[in-house]
Every structure is written in structure tokens, then in C-alpha cells.
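Q: Build out the structure end to end from the sequences listed, making use of the hints.
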Amino acid sequence: MSPRAEVPTIRFDATPSAIGERTVLRLPGEASKKLPSRGQVAVQGTINGHELQTVLEPDGAFGHWMTVDRDLQQAAHLRVGDTVALRIEARKDWPEPNIPEDLEVALIAAPQKIRDLWRAITPMARWEWVRWIEATRNPDTRNRRIDVSISKMESGSRRPCCFNLASCTDPELSKGGKLIEQA
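The sequence shown begins at 1176 in this note's numbering and counts up one residue at a time.
In case anyone wonders, no lab produced these hints; they're calculated from the structure.
Be aware that one or more of the hints could be misleading.
[Stated by the list, open to error] Okay, the calculated beta carbon distance ranges per label pair:
id, residue 1, residue 2, range
1, N1223, F1338, 31 to 41 Å
2, I1283, T1316, 40 to 50 Å
3, N1313, A1193, 39 to 49 Å
4, P1286, D1188, 44 to 54 Å
Just so it is clear, CB atoms sit at the ideal spot from N, CA and C, and this is done for glycine as well.
A: Here it is as C-alpha cells:
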């Protein structure tokens, strides 16, 4: 992960916290302001010196946050409540999202035209489709969103529309489009 001259490096300290069973790290406001978008941002860098690549999520209040999974917690030697040192820079190339099984099944069953479109869109666009589908707890709504996604792609849509890209859409961690306060 070599720094690129056109992408500024953002350095800051932050404190991971718990929301329910999840460990999250909210970026300080000044660090979020330096990012190129109020929505999702792919970043690379380090946390406590450990290399990191992730997609930061919007918090619904013009900031960003990230999940700190157990593997990252162990590798970077961090715990909830510790102050950690981060160095990040926005990436122009996005990692591939994890495609939920139900969306993957629908894509496999879809006509070739849709599968071709899925492969042709950018990873960033695929992140948006996945995020929109996963932004609900209601299984019926989720199924409708998968059906609508396939239908929109059938008509050539490369991205979902009509949802606020700067809102927090994780149904376990948000209320009213905002990241809930840490416990």
C-alpha cells in the first residue's frame, strides 16, 4: 500500500466503542471532513501500524465510521475504549463487496444481460446495490429490493436510486439514518 501523491494521508487518533455486540470506530469530524465524500469511501492505511483496507460507512451526520471485526482487533492489538492511531487515504480503486447469498442467487438466475451489466459496473456501484438491499431488517422489503434491483438492471440502471448515500444504512447500528450512540 504505497501512498499516492494526489491522495492526501489523513492521520488521527480515535477510540473504538461498542454498539450492541459490534465494535465500531467513529472517525473524528476533522478526519471525515478531509475525505472526498459524505457517503461510503474506500480507504487504505494503518491502524496501530497494522495495514488496513476497508470501506468507511457514512454516519448520517456528515461523518464516517467503520466496523472493527475480531480479526482486526487482534491484529492491531486494540480493544473497546483504547485510543488507536490511524493513517488512512482514500482509494480510487474499490475492493469487491461481499455479495449476500440471496442477491447472488438472484443474479445467477437472472438473464445474461443482467449478469453482464453486474460485471460491467464498478465495484463502487456494486457496493451501492448491496448497501441498499441490506439497509432493512424486514425480509419482505429485502426480497422486494432484490426484485427491484434485478428489474432496474434489466432496464440498464447501473446504480440504485432514491436513497440518501450519506445516511447510516446498517439496520443494526442506525436509527433514523444516523449511527446510534455508542453504549
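Q: Please go over all the hints and tell whether each is borne out by the structure.
A: The hints, checked one at a time:
no.	hint	result
1	N1223 / F1338: 31 to 41 Å	holds, 34 Å
2	I1283 / T1316: 40 to 50 Å	violated, 22 Å
3	N1313 / A1193: 39 to 49 Å	violated, 25 Å
4	P1286 / D1188: 44 to 54 Å	holds, 50 Å
Of the hints listed earlier, those the structure fails to meet are numbers 2 and 3, in rising order.
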